[in-house]
Amino acid sequence: MSATLVQKLTPETPLNSQAQPQQQVSRKAEQTPEVEVGHLATISLLLQYDIDNTLNAFKEHRRMTLEGRGMAAAAGSLSVNNNQEKDLNLNLNMTAAGQRDCSELEVGQIGLCPPAVMPPTPPATPNMQSTAQKRWKILAKVLRKDSEETVSSSSDEFSEEQTASVRRFKSFDLLRQDSFEDHVSLKCLGKTENWYKYRMLLDNDVEYSVNIHHMERQLTASDLMGFNNTGNICVWPSEEALTALVLSEVEAYRGKWILELGGGFTSLAGLMLAKYAKPYAVHLTDGNEISVENVRKTVCLNELSCYTKCSVLKWQESSARAQAEQAKFDFILCADCLFFDEARSALVDTIWYYLAPQGMALIMAPSRGRTLSVFQAECTARGFTVELATRYNETIWQRHLQLKADSDLYDEDLHYPQLLRLCKTHS
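If you read the sequence shown in the numbering used here, its first letter stands for residue 1, the second for the next number, and so on.
Think of the hints as simulated: they come from the structure by calculation, not from any bench.
Don't be surprised by glycine CBs; every beta carbon is placed ideally from N, CA and C.
It is possible that part of the hints are untrue.
To be verified - SDA-like, lysine to any residue: derived pairs with alpha carbons at most 20 Å apart:
| hint | residue 1 | residue 2 |
| --- | --- | --- |
| 1 | 256 | 311 |
| 2 | 275 | 321 |
| 3 | 275 | 177 |
| 4 | 328 | 215 |
| 5 | 424 | 378 |
| 6 | 275 | 202 |
| 7 | 256 | 276 |
| 8 | 256 | 177 |
Said to hold, decoys possible - Distance windows between CB atoms, simulated:
| hint | residue 1 | residue 2 | range |
| --- | --- | --- | --- |
| 9 | 341 | 320 | 17 to 23 Å |
| 10 | 340 | 423 | 21 to 27 Å |
| 11 | 43 | 394 | 16 to 22 Å |
| 12 | 401 | 323 | 44 to 50 Å |
| 13 | 51 | 373 | 38 to 44 Å |
| 14 | 317 | 404 | 17 to 23 Å |
| 15 | 408 | 317 | 40 to 46 Å |
| 16 | 199 | 411 | 34 to 40 Å |
| 17 | 369 | 179 | 21 to 27 Å |
| 18 | 369 | 408 | 17 to 23 Å |
| 19 | 397 | 373 | 18 to 24 Å |
| 20 | 43 | 173 | 31 to 37 Å |
| 21 | 397 | 423 | 19 to 25 Å |
Build the full structure now, drawing on both the sequences and the hints.
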């Protein structure tokens, strides 16, 4: 406390000698509530992020514990049935022996032991001739997990299925998917399958990597018909390009608030920034509950450098938007989310709601006919300043030119992502 406020009044002390400090204090008192409210709002929001992550970690631990108990109970049930069903005795003994063999293996060898019970698979797909039917056949193959494909498109195989697929071209060959090697962490998780390390090596010879969980559950028809489910199946070239872009300018995101919209089952760009850019906070979102559940698992096995939150965000549900995050984010990331005509306007409004007055949204998507231009027009009508960039990253651009010259699968209109930078012209 200052001496001016504690000194005693004397006859020689003029009355206005205390009036001035009191006025200063009162002015400070008038300003303090606004400052404190702002700080408290930020602290409250970050506590939500922390609580969200903590609850997710507890939930995942409890799920794994219950699964372990369930497997033990199932093993006990099989043992009882051995005494009741003589015909099943041989099979059950073989299963129990296989389980004992698995338990004796080292953690690094667990993947060699086949599961006692195979997961159900969709019905066999009949031989179909139409293009649409072939596309469903491709999707069924993905759901059955008949083959483990890398993210890279280095293979030169070409088939009728590839011809039928709209996607055809898979990536710019910047992203690699490797088996997970941290067996200590995997032992703690209780599973060795479904975890992969995604690596990206840029031209500056700096390698970036994150651990990604692949969903183990079989997707149902209702899952596939849910809100924006495409990110549940693959990492699209636009997401690969967006990840390469943000990592090439990683310093720009230090200390910033970052929101990813429609991140799919990886939220790869936002996750990479959460690990390497040292931002203030990252919020990873998607409209599909299964995708968000998978990203939550992924976050648990990555050493991130900031507050990170995962949640379901459906753009059409404006009433569900978080008021504490309105106009909060310095950067909003979005990769290849423009192909749903009915959701386009809602996406524009969502970006406007969450983007800070001086913030920037990075939208990565191919032209795909008039899709990109229509979205650009809607952004302009909403009040955004829109900048279209075609040559935004030299690595992606050189791969693009090479693919145009050498690949029959590559269609620039469908596959080359263009970049829209959105800024608010007024708050």
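Evaluated hints:
{"no.": "1", "hint": "256 x 311", "verdict": "holds, 19 Å"}
{"no.": "2", "hint": "275 x 321", "verdict": "violated, 26 Å"}
{"no.": "3", "hint": "275 x 177", "verdict": "holds, 18 Å"}
{"no.": "4", "hint": "328 x 215", "verdict": "violated, 31 Å"}
{"no.": "5", "hint": "424 x 378", "verdict": "holds, 13 Å"}
{"no.": "6", "hint": "275 x 202", "verdict": "holds, 16 Å"}
{"no.": "7", "hint": "256 x 276", "verdict": "holds, 13 Å"}
{"no.": "8", "hint": "256 x 177", "verdict": "violated, 28 Å"}
{"no.": "9", "hint": "341 x 320: 17 to 23 Å", "verdict": "holds, 22 Å"}
{"no.": "10", "hint": "340 x 423: 21 to 27 Å", "verdict": "holds, 24 Å"}
{"no.": "11", "hint": "43 x 394: 16 to 22 Å", "verdict": "violated, 41 Å"}
{"no.": "12", "hint": "401 x 323: 44 to 50 Å", "verdict": "holds, 46 Å"}
{"no.": "13", "hint": "51 x 373: 38 to 44 Å", "verdict": "holds, 42 Å"}
{"no.": "14", "hint": "317 x 404: 17 to 23 Å", "verdict": "violated, 40 Å"}
{"no.": "15", "hint": "408 x 317: 40 to 46 Å", "verdict": "holds, 42 Å"}
{"no.": "16", "hint": "199 x 411: 34 to 40 Å", "verdict": "violated, 27 Å"}
{"no.": "17", "hint": "369 x 179: 21 to 27 Å", "verdict": "violated, 39 Å"}
{"no.": "18", "hint": "369 x 408: 17 to 23 Å", "verdict": "holds, 20 Å"}
{"no.": "19", "hint": "397 x 373: 18 to 24 Å", "verdict": "holds, 21 Å"}
{"no.": "20", "hint": "43 x 173: 31 to 37 Å", "verdict": "violated, 44 Å"}
{"no.": "21", "hint": "397 x 423: 19 to 25 Å", "verdict": "holds, 23 Å"}
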